[in-house]
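Chemist: Residue strings, one per chain:
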Amino acid sequence: MAVKRSTRATDIGDDEADVPLQAVLLADSFAQQFRPITDERPKVLLPLVNVPMIDYTLEWLASAGVEEVFVFCCAHAKQVTSHLEHSRWTSQSNFTVTPIESRDCVSAGDALRVIDQRGVVRGDFILISGDTVSNMSLKEVLKEHQERRKKDKLAVMTMVYRRCKPHPLIYQTRLGSEQLLLVVDPSTKQLLHYDSLKEAGGRESTKQQTLARQVVLERSLLADRPAVQLCSDVQDCYIDICSPEVLLLFTDNFDYQHLRRDFVRGLLSDEILGNKIHTYEIIGDYAARIDNLRAYDVVSKDIIHRWTYPMVPDIRFASPETGIKIGRSNIYKEDGLVLAPTTIIGPSTVVGSGTSISDNTIIRNSVIGRGCTIGSNVVIEGSHIWNNVTICDNVQIRHAVVCDGVNLKARAIIQPGVVLSFKVVIGEDFTVPAYSKISLVLQRHEEENSDEELEYAEAASGVTGSSPSPLYDGMNGSQTDDGEETPQSPRWDPLQVGLGGAGYKWSTGQDDEWRHSVAPIPPEKIKEIVAREEEAELEDAARDMTTSSRKDNVEEQPEDDDDEDADEEDDSLFFDKEVEALFSRAVTGESSAENVVLEVNSLKLAYDRSFSDCAGAMFRALLNLAAQGPQTTSRELLQNTKQVLLQWGPLLRRFLKHQDDEMEVLLVFEEICTEDKKEYAPVFASVLQELYDKDVISEEAIIAWASEKQHGDEADKIFVKQCERFIQWLQEASEEDDEGGEEA
Amino acid sequence: MGAMSFQVVVLAGGGGLSKELFPLVTKDLPKALLPVGNRPLISYLVELLEASYIKDLLVVVASEEAATLVENFISSAFYDRLRVEVVSVPEELETADVLRKISHRLTADDFLVVSGDLMSDIPVGAVAALHRRKDAAVTALLCGRPNLKSSEGSTGASSKDKTKQPVSDIIGLDSSQEHLLFLASSGNVGKELKVRRSLLRIAGNMEIRTDLVDAHLYAFKRVIVQEVLDSRPGIKCIKRDLVPYLIRWQLGLGATPAPASAVSDEGSDPPRAGSVENGAPAVSISGDEVSSLLQRVCSIDPSPFKCCAYVASPGKYCARVNTLQAYGEVNRAIADEMISLTQYEVSSHNNVVHETAVMGSKTTVGPHCMVGEGSQMGDKCKIKRSVVGRHCRIGSNVTIVNSVVMNYVTIDDNCSIQSSVVCSNAHLQERSSLKDCQVGASYVVGANQEYREEALAKKEKSSS
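Residue numbers (the working numbering), protein chains in the order written: chain A, 1 to 744; chain B, 1 to 464.
Hints are computed from structural coordinates only; laboratory data are not their basis.
These numbers come from a predicted model, not from an experiment.
Backbone N, C-alpha and C fix where the C-beta goes; we use that ideal spot for every residue, glycine too.
Be aware that one or more of the hints could be misleading.
To be verified - Pair ranges (Cβ atoms, derived):
{"hint": "1", "chain 1": "A", "residue 1": "Arg-444", "chain 2": "B", "residue 2": "Arg-232", "range": "42 to 50 Å"}
{"hint": "2", "chain 1": "B", "residue 1": "Pro-233", "chain 2": "A", "residue 2": "Pro-522", "range": "40 to 48 Å"}
{"hint": "3", "chain 1": "B", "residue 1": "Ser-313", "chain 2": "A", "residue 2": "Lys-151", "range": "29 to 37 Å"}
Unchecked claim - For lysine-lysine, the following DSBU-like pairs were computed, each having C-alpha atoms within a straight-line distance of at most 35 Å:
{"hint": "4", "chain 1": "B", "residue 1": "Lys-101", "chain 2": "B", "residue 2": "Lys-236"}
{"hint": "5", "chain 1": "A", "residue 1": "Lys-709", "chain 2": "A", "residue 2": "Lys-657"}
{"hint": "6", "chain 1": "B", "residue 1": "Lys-191", "chain 2": "A", "residue 2": "Lys-276"}
{"hint": "7", "chain 1": "B", "residue 1": "Lys-236", "chain 2": "A", "residue 2": "Lys-153"}
{"hint": "8", "chain 1": "A", "residue 1": "Lys-189", "chain 2": "B", "residue 2": "Lys-316"}
{"hint": "9", "chain 1": "B", "residue 1": "Lys-27", "chain 2": "B", "residue 2": "Lys-134"}
{"hint": "10", "chain 1": "B", "residue 1": "Lys-458", "chain 2": "B", "residue 2": "Lys-435"}
{"hint": "11", "chain 1": "A", "residue 1": "Lys-151", "chain 2": "B", "residue 2": "Lys-316"}
{"hint": "12", "chain 1": "B", "residue 1": "Lys-27", "chain 2": "B", "residue 2": "Lys-55"}
{"hint": "13", "chain 1": "B", "residue 1": "Lys-191", "chain 2": "A", "residue 2": "Lys-153"}
{"hint": "14", "chain 1": "A", "residue 1": "Lys-151", "chain 2": "B", "residue 2": "Lys-194"}
{"hint": "15", "chain 1": "B", "residue 1": "Lys-191", "chain 2": "A", "residue 2": "Lys-577"}
{"hint": "16", "chain 1": "B", "residue 1": "Lys-194", "chain 2": "A", "residue 2": "Lys-525"}
{"hint": "17", "chain 1": "B", "residue 1": "Lys-194", "chain 2": "A", "residue 2": "Lys-527"}
{"hint": "18", "chain 1": "A", "residue 1": "Lys-151", "chain 2": "B", "residue 2": "Lys-239"}
{"hint": "19", "chain 1": "B", "residue 1": "Lys-191", "chain 2": "A", "residue 2": "Lys-189"}
{"hint": "20", "chain 1": "B", "residue 1": "Lys-194", "chain 2": "A", "residue 2": "Lys-276"}
{"hint": "21", "chain 1": "A", "residue 1": "Lys-527", "chain 2": "A", "residue 2": "Lys-505"}
{"hint": "22", "chain 1": "B", "residue 1": "Lys-239", "chain 2": "A", "residue 2": "Lys-189"}
{"hint": "23", "chain 1": "B", "residue 1": "Lys-191", "chain 2": "B", "residue 2": "Lys-239"}
{"hint": "24", "chain 1": "B", "residue 1": "Lys-134", "chain 2": "A", "residue 2": "Lys-527"}
{"hint": "25", "chain 1": "A", "residue 1": "Lys-189", "chain 2": "B", "residue 2": "Lys-194"}
{"hint": "26", "chain 1": "A", "residue 1": "Lys-189", "chain 2": "B", "residue 2": "Lys-134"}
Use the sequences and the hints to build the structure in full.
Modeler: What follows is the structure, encoded as structure tokens:
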């Protein structure tokens, strides 16, 4: 094995033979398709055919010749690192797994920025997420990537995709992801356009609707190429071969969050730097990413059906302790099973060791974990039962996910699409309706419409660190929910989990649960889609016929162009204005401070701003408000400012994430004093002191600001001079702090 | 009926209508009879069809006078070999309307529609065979784009914007390169190209080509086309309306353009290891209803509408004589690499000079030139890369470069002709000089005149 890998390394790049092949594995998908399960356990540790997902990814990386893997953990970092510590990966020669922890990342972009800061990546690396199952050889794609790089330094990334069935129904049945469209130059394999319908179809408007039906390509794409390839029958594997420049790009563009939505789009639309993305199609090999429950189900089945060979249930790559027997039509039985003679195990089923199954139970197309107890006359079909699950007599489960430690009492019926999170108990005779999600953890209610990533940030900060026992967490939930309840016995709603059951039902607020659940898409939904599509088709045809010369193509264009040009010009002005408008709504009481924070955050994303921009704009709004009050003298102005700061300082504080942001506020303040609101100039020092007293600006920021100004020219130093005494005092205070500080 | 029971409709254009070819084409010289390499244009197409054993032709000519002229030529040249019927239609009919007009004459299952100005060595039979094999509603002939850019600016004064940049087509093909998914000429596409997602969903994969042009040779299934033409009076033009309409409908009915790519691995036993036949692993759907539904959606019964494309192999020649520029190009090509189309015998000087042609002393005819029957040349003439027609009288010290001189043209001493076209019976008087000009039939260019980039024609003869 070791020999093989070293030869691989020399194959890959002669000049870079000393650099080990590195991979960055994101053990956090920064999404929440697997909630509520992922509230208790990170997604990469969820069992996929009885093996944690991350082990598939690591096994593949190890066998593909990767020598160094950096596992980036964010949510539930402790669980991931402890899993890695106890796995066999730590003891392998020629393959090192190094966890990188960071708590405050909310997106893949943040994660890559952290990795860039650490400076661990030295050469080309493979970027994947911890939920990737693949058996592809990296040799070919690496070779292509590196050869391209030699000729063209701007070819920074190679994206791997796989062909699949074109029809949307099959597409969704397969992986539940939305339609993807790649436009590729067939001769160079360069990616020209990346488009997934999910993003386009977000808001409902006529323009979006036409976008949903039509792909708009720039004519210039075709200009200097004889041909372009439009592929919609492809699946993005989220396996990227990246050059180190990719990390720099993420650091330079701090607003890049999502790998595809921001980064790939950003590169494609950027014509100045001219960075290029290329593509690589896997033929024959398997690769898939599990980004939702349907993908989970489909990939499970692919594993059972051995498409992912050698990552199949009977080759124990992750936990070699138990033996497994494979029977006809893909029935896998681990050693140590207790099966009643009348048990029927149907095709495509895996049963883990230590599980006992009683009389007349039927199991088909399912995965049963280890240590489960299954009663008699049970029917399990197309389901994923994890470890240590207790299923009593006469229970029926169809197309559901049942997590560790769940207890299903007698005669319970679990309908398709249900997710039962850890240790949920379902009472006797209870029927869990289709697509329900039940967890012992109470659902947090977040603002709807807020950005996915922000939402996640809250979720992550709420759960990170410890891995609380589900029960404890559940009690917490009930306490905050309703004061009456005693911590000892949370009162579960029998309407949700049956008598004697335990768990909260999560509401998702979406009615397209069927799209991403493990259950097959119900026939009526399929009929609906087909009908809708045919209708749209007819409409289109009718419209096309009425405008035979297709003049409408031309009409729609102008508005787009105008929009963009204008945006570029006064972006910052608009941004400031919008923030001020939001702020004034908070002042008049039209909206709460909480909402303002959210809305400014969304503005920040919309305009590609940083927190310091937000803080600056907010501060400007504060001062404008203060200046509006009745004031004739500087003293009155100062008084007003103090009032405003007292009330709204905490809000401003929300945007000061970093010392740099605070300095930005000071710089904006200076700008205001010299430009649009000169009346503040005389009171600069006093306001600064007020900001300090109210804990809006820290003394470190003030001192940093002053020392930065030290080297500027005289005109720049007016305000520093004005505050000289105050700054001096701050400096002395901080020095004396160390000794025990007597001066006040 | 021909061997393949294909009827062929040749849209031969008319006399004087095509503004692109002013002042070459007149009432007396319909487009079909325009000399190319000293032979009427249409003869090349007829021979091309004959080579594929297609002998039933319906030649449609706009205006009656032109039709008579064309009929006279064809019946004299091909009377013993082909069954050719020449019909006239009113001028100014668009192509789809022409089809409607002659619809009652179509009886074969399939018919070819071909533009009369096509010059090619692509076997038409192969197009017809593909059409039959695929049982397609329409099969279009596509070929590599000729490089017209080289002689930019040689167009005449009456040229429109269109002729300045070669109109290139935007063509969408599926991965097999045999199915036509998209067709638009770039003139109709604005800055943005819009492609319907439903099309991509069904096709899965489409290659958009700009290096191909539509040769305006289509094989149609008669029943479908007649039905569409009857029910859709809005369809005026074959290329702009009819073919795109058929392309849309091949998808609109939900049919897959490539039935081979329909669900084939459903329920089949997957192999034990990861050897996949380029497809996705089996979709495991339990519930028969669902899978049958899916199947119905994905592989609906083969639709009558299937649009195919025959992409000519790269070395093949294909050009249309539809602009002045193209006329010049085609003449040069015919005297050069495409000489095989003419079946003339090439001399050791790599040119074709008729045995009855007379040349004075020190007159040189360079390679890739043609001189027609009975033409006379004085002393010290130079002819380079040009075609000179029959019975021309050329004086002494005349230079003809890169030009076409038709029949019975008189050129006096010391004239110079560059990159120009001189029509029949024209007269160039002493020391006149032409560059990038077109001289209409029977026009007299005065002595010592110099013209650049002009179209010279007699007023009463001009088409408008």
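Chemist: If a hint holds in the structure, say so; if it does not, say that too.
Modeler: Hint check results:
{"no.": "1", "hint": "Arg-444/A with Arg-232/B: 42 to 50 Å", "result": "58 Å, violated"}
{"no.": "2", "hint": "Pro-233/B with Pro-522/A: 40 to 48 Å", "result": "44 Å, holds"}
{"no.": "3", "hint": "Ser-313/B with Lys-151/A: 29 to 37 Å", "result": "30 Å, holds"}
{"no.": "4", "hint": "Lys-101/B with Lys-236/B", "result": "12 Å, holds"}
{"no.": "5", "hint": "Lys-709/A with Lys-657/A", "result": "22 Å, holds"}
{"no.": "6", "hint": "Lys-191/B with Lys-276/A", "result": "23 Å, holds"}
{"no.": "7", "hint": "Lys-236/B with Lys-153/A", "result": "51 Å, violated"}
{"no.": "8", "hint": "Lys-189/A with Lys-316/B", "result": "27 Å, holds"}
{"no.": "9", "hint": "Lys-27/B with Lys-134/B", "result": "42 Å, violated"}
{"no.": "10", "hint": "Lys-458/B with Lys-435/B", "result": "19 Å, holds"}
{"no.": "11", "hint": "Lys-151/A with Lys-316/B", "result": "34 Å, holds"}
{"no.": "12", "hint": "Lys-27/B with Lys-55/B", "result": "28 Å, holds"}
{"no.": "13", "hint": "Lys-191/B with Lys-153/A", "result": "30 Å, holds"}
{"no.": "14", "hint": "Lys-151/A with Lys-194/B", "result": "33 Å, holds"}
{"no.": "15", "hint": "Lys-191/B with Lys-577/A", "result": "34 Å, holds"}
{"no.": "16", "hint": "Lys-194/B with Lys-525/A", "result": "29 Å, holds"}
{"no.": "17", "hint": "Lys-194/B with Lys-527/A", "result": "28 Å, holds"}
{"no.": "18", "hint": "Lys-151/A with Lys-239/B", "result": "43 Å, violated"}
{"no.": "19", "hint": "Lys-191/B with Lys-189/A", "result": "24 Å, holds"}
{"no.": "20", "hint": "Lys-194/B with Lys-276/A", "result": "24 Å, holds"}
{"no.": "21", "hint": "Lys-527/A with Lys-505/A", "result": "29 Å, holds"}
{"no.": "22", "hint": "Lys-239/B with Lys-189/A", "result": "31 Å, holds"}
{"no.": "23", "hint": "Lys-191/B with Lys-239/B", "result": "21 Å, holds"}
{"no.": "24", "hint": "Lys-134/B with Lys-527/A", "result": "30 Å, holds"}
{"no.": "25", "hint": "Lys-189/A with Lys-194/B", "result": "22 Å, holds"}
{"no.": "26", "hint": "Lys-189/A with Lys-134/B", "result": "31 Å, holds"}
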